[in-house]
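*Asks:* Listed below are the residues making up each chain.
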Amino acid sequence: AQSVTQLDSQVPVFEEAPVELRCNYSSSVSVYLFWYVQYPNQGLQLLLKYLSGSTLVKGINGFEAEFNKSQTSFHLRKPSVHISDTAEYFCAVSKSSGSARQLTFGSGTQLTVLP
Amino acid sequence: GAGVSQTPSNKVTEKGKYVELRCDPISGHTALYWYRQSLGQGPEFLIYFQGTGAADDSGLPNDRFFAVRPEGSVSTLKIQRTERGDSAVYLCASSSDRGNEQFFGPGTRLTVL
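Chain order of the listed sequences is A and B.
Each residue of the first sequence is one higher than the one before, starting from 1242 at the first, in my numbering.
Each residue of the second sequence is one higher than the one before, starting from 882 at the first, in my numbering.
In case anyone wonders, no lab produced these hints; they're calculated from the structure.
Heads up, the beta-carbon is just placed ideally off N, CA and C, and yes, glycines get one too.
Among the clues, some could well be false.
[Claimed, not checked] Covered by chain B, according to a simulated footprint, are these stretches of chain A (three or more residues, beta-carbon under 8 Å):
1. 1283-1292
2. 1328-1342
3. 1345-1354
Produce the entire structure from the sequences given, and follow the hints as far as they go.
*Replies:* Written out as structure tokens, the structure reads:
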């Protein structure tokens, strides 16, 4: 089984400041890692994913994340945030083998960008 | 192209009633997933379909919950004898065969009074 821990439930940050949203996972098998964003009253949108290869992955809207296998972490970063980045962010994992790829999500981090 | 659609967007029902929630996946996607998102939580897996068959229903909380996908496309999540604790947003996602990315619908917000 897999589990995901998002260490911060709320992160307030001023506009144009950098931000890091933390994610740690636990799994007995090899996994894929994902970050999703959920804007108010909207569905989940994929920001980025790590499947294999380079541990630094770049996603949409200027976000990036780094996979650290030894620390079982997949933290999300953005060097300069905008008001429009205000949303709920979810880290998720799935097994990397087999046909069943259901996602296990963390409890989410509410990012609020302040003017 | 069209994304995943879910109907209704909102459903209010009374305790003890039966409800059906519909998911229309992206055309050609063979894998379909149902998740439930309670207030302030991340989505939790309910059931996974590969084609017409339920390949993994280990996330269904009890036997009041059932889902079908008779023709390998549209899926219906059915909840019998609803309880107030069933109130949540029910999300559907689809992916291509052995695809790594799941595409989510906007969800159905179920409120049980």
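*Asks:* Give a verdict on every hint.
*Replies:* These are the hints, each one checked on the structure:
Residues of the region 1283-1292 of chain A with a Cβ under 8 Å from some Cβ of chain B number 7, which satisfies the need for three, so the listed coverage holds. Coverage of the region 1328-1342 of chain A by chain B holds. Counting CB-CB distances below 8 Å, 6 residues qualify, and the rule asks for three or more. By the rule of at least three residues with a Cβ nearer than 8 Å to a Cβ of chain B, the coverage given for the region 1345-1354 of chain A holds, with 5 such residues.
When held up to the earlier numbered hints, the structure conflicts with none and fits them all.
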